[in-house]
Structures are given as C-alpha cells and as structure tokens.
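Protein chains in written order, with the numbering used here: chain A, 385 to 599; chain E, 1301 to 1397.
Hints may be right or wrong, so weigh each one.
Some chain E residues close to chain A (C-beta under 7 Å, calculated; not the full set) [unchecked claim]:
| id | residue |
| --- | --- |
| 1 | L1317 |
| 2 | A1324 |
| 3 | L1372 |
| 4 | M1375 |
| 5 | T1379 |
| 6 | Y1383 |
Derived from the structure by calculation, the hints contain no laboratory data. Backbone N, C-alpha and C define an ideal beta-carbon position, used for all residues, glycine too.
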Amino acid sequence: MPEAAPDTSLGFQYATAAQQRETVTLGMWAFLATEVLFFGALIAAYFNYRIWFGAEFIAAARMTKVVLGTINTGVLLTSSACMAMAVTTYEAGARRTPVLWLTGTATLGVAFVLIKGFEYSLEYQEHLVPALNFDLARHGGIAEIFFMFYFCATGLHALHLLIGIGLVAWLATWIGTGRIDRSGSTVRLIGLYWHFIDIVWIFLFPLIYLAGRNG
Amino acid sequence: MTGGTILRCWLALMVLLALTTGIAFIPLGEANLFVSLAIAATKALLVLIVFMELRASSSLIRAAAASGFFWLMIMIALTTADYTHRTDQRAPIDIVR
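Bound conformation, chain A alone (with noise of 0.2 Å):
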C-alpha cells in the first residue's frame, strides 16, 4: 500500500490545520497589539498636548478639511467592507469574486491616499506643514505643534496604507494566477492588517477634523 503523500502545507511543528490557523492568527494579533501601542503612543501625546493647550490647540484642528476628512473615512470603512467580502468569498472557495473584491479594495486604498495627497497640497499652500514653510506669524506656535502630530499621525498611517495596497494587489495577482496555497492564512492574515489600518483611522478621524467644530 503507497504512503499517503505529506501534507507539505502543514508546518512540521503541527499536529493539525486547525492548530496551525489559530497560531498564524495569534501571531498576526500579537503584531497588530504592537502597532496599537505605536499609533497609541502619538494619540496619548496629543490628548496631553490638548490638555495642555486647551482652547488654541483645539482651534488649530479647525484648519483641517473636514469634509475631505470625512470622505476619506467613508472611503476606508467601505474599503474595509470589500476586503470582508473577499475574504469570505476566498473561504468559500471562490477564485474570481475576492479577486475582484481585492481590486476594489485597493483601488478605495489608493482613492483614500489621492484625497489625502490633495488635503496636503492644499496645506502646503496655506503654509501649514511644519519645517516645510510653516507660517509662525500667521498661525502661531501652538498650531505648528498641532500640524506636527497630524502629518505624524496621517503620514505614519498613509505609510501603512501603502504597505497594505501593495500586499493587497500582491493578493490579488496570486489568487487570479492560482498560485496561492489554499490551505494557508494569507489572504485572512493581510485582511486582519487591513482592517487595522482602518481602526487607526477610525480613532484619528475625530481627534483630527471633528475636534473644535461648533467653537
């Protein structure tokens, strides 16, 4: 009687699929706790810099584009509904359908970085970026200190993003092509860190545009 051919998708450490998925996932977690202290490191700084400043830091966040802000929240939240999506049609066994979910998902991740390339143009021209040609007089130092934490805060997430754009289309050609290894996490694992991206923004969304809106 033939042996049966090993399982070559199992790592020898192992004892069964299931295990191995659980693993995979608690790494990912493990990693995504990290970056929830890194990006929670620069929202503790700016609720101290709020309690500190008070009134002038809050005015400052009333120069941001709120209604930029608030498109590209939509456009990531809607993002992050079509990487469900695909990754649910993939586990269902599908081939095409994530694929096409995955190509939304991207093309709503590089919608997001547009609108934010253009919200900095427009900031550049109001002499808002820091160290660039932030104007003191006309704004004051307060609003640099505030202008400092948000090209911080949207620059290390749009940094991200990309990273995430480029794993999704990664995907993306994989699954279309047929070389991904079914039996793997991958396509699960890049969602977890997708769906990430979007709870950063999520939190930074308030903190930056809504903040100081009725005053």
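Got chain A sorted already, so can you dock chain E onto it with the hints?
For chain E alone, coordinates are given in the frame of chain A:
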C-alpha cells in the same frame, strides 16, 4: 461572516460616521470629545467583532486582541496623570535645600 452581515455592518458604520460628523457641529462643550470617542469606539468594535472575526474566534485570540488596547489604556492613563499634575511650584524638599 456572510455577505449580509458584512453589508449590515458597513451600513451601521456609515450611519455612525454621519452621526459623529453631525454631532461635532452641535455645541456640547466638553461632551463633544467624549461623544465622538464613544462613537469611534463603537465603530472600532464593529470592525473588530465582525470584519476581524473576533465573534467567531477563540478566547485566546480575543484576549490577544484586547491586550494591545488594555496596555494602551495604561499608557494613556499614566502619561496623562503625570503631565496634568506637574506644577511650576517647587517641592518642599527643594525649598529646604
């Protein structure tokens, strides 16, 4: 996760986005910050539970997911407690010196 669940979750997120943006323009004083953060937390929970599948995950995964936010709460609480209680006045021991 089914398509219907994802659609309902997306609709809820859109409604919450409209709600938080709308409320931001109503003067509520300090409450504006807390309302916007409460809505943000609700949106984040929806993404975590539905999109990130914590609803269908084991307790181990849920605990790992919660740990990052738990440590973040400690970091924010201790940092804020430090900075908000700093003063220009000298401590009694420094006056004696």
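Here's how the hints hold up against the structure:
{"no.": "1", "hint": "L1317", "result": "holds, 6 Å"}
{"no.": "2", "hint": "A1324", "result": "holds, 4 Å"}
{"no.": "3", "hint": "L1372", "result": "holds, 4 Å"}
{"no.": "4", "hint": "M1375", "result": "holds, 6 Å"}
{"no.": "5", "hint": "T1379", "result": "holds, 5 Å"}
{"no.": "6", "hint": "Y1383", "result": "holds, 5 Å"}
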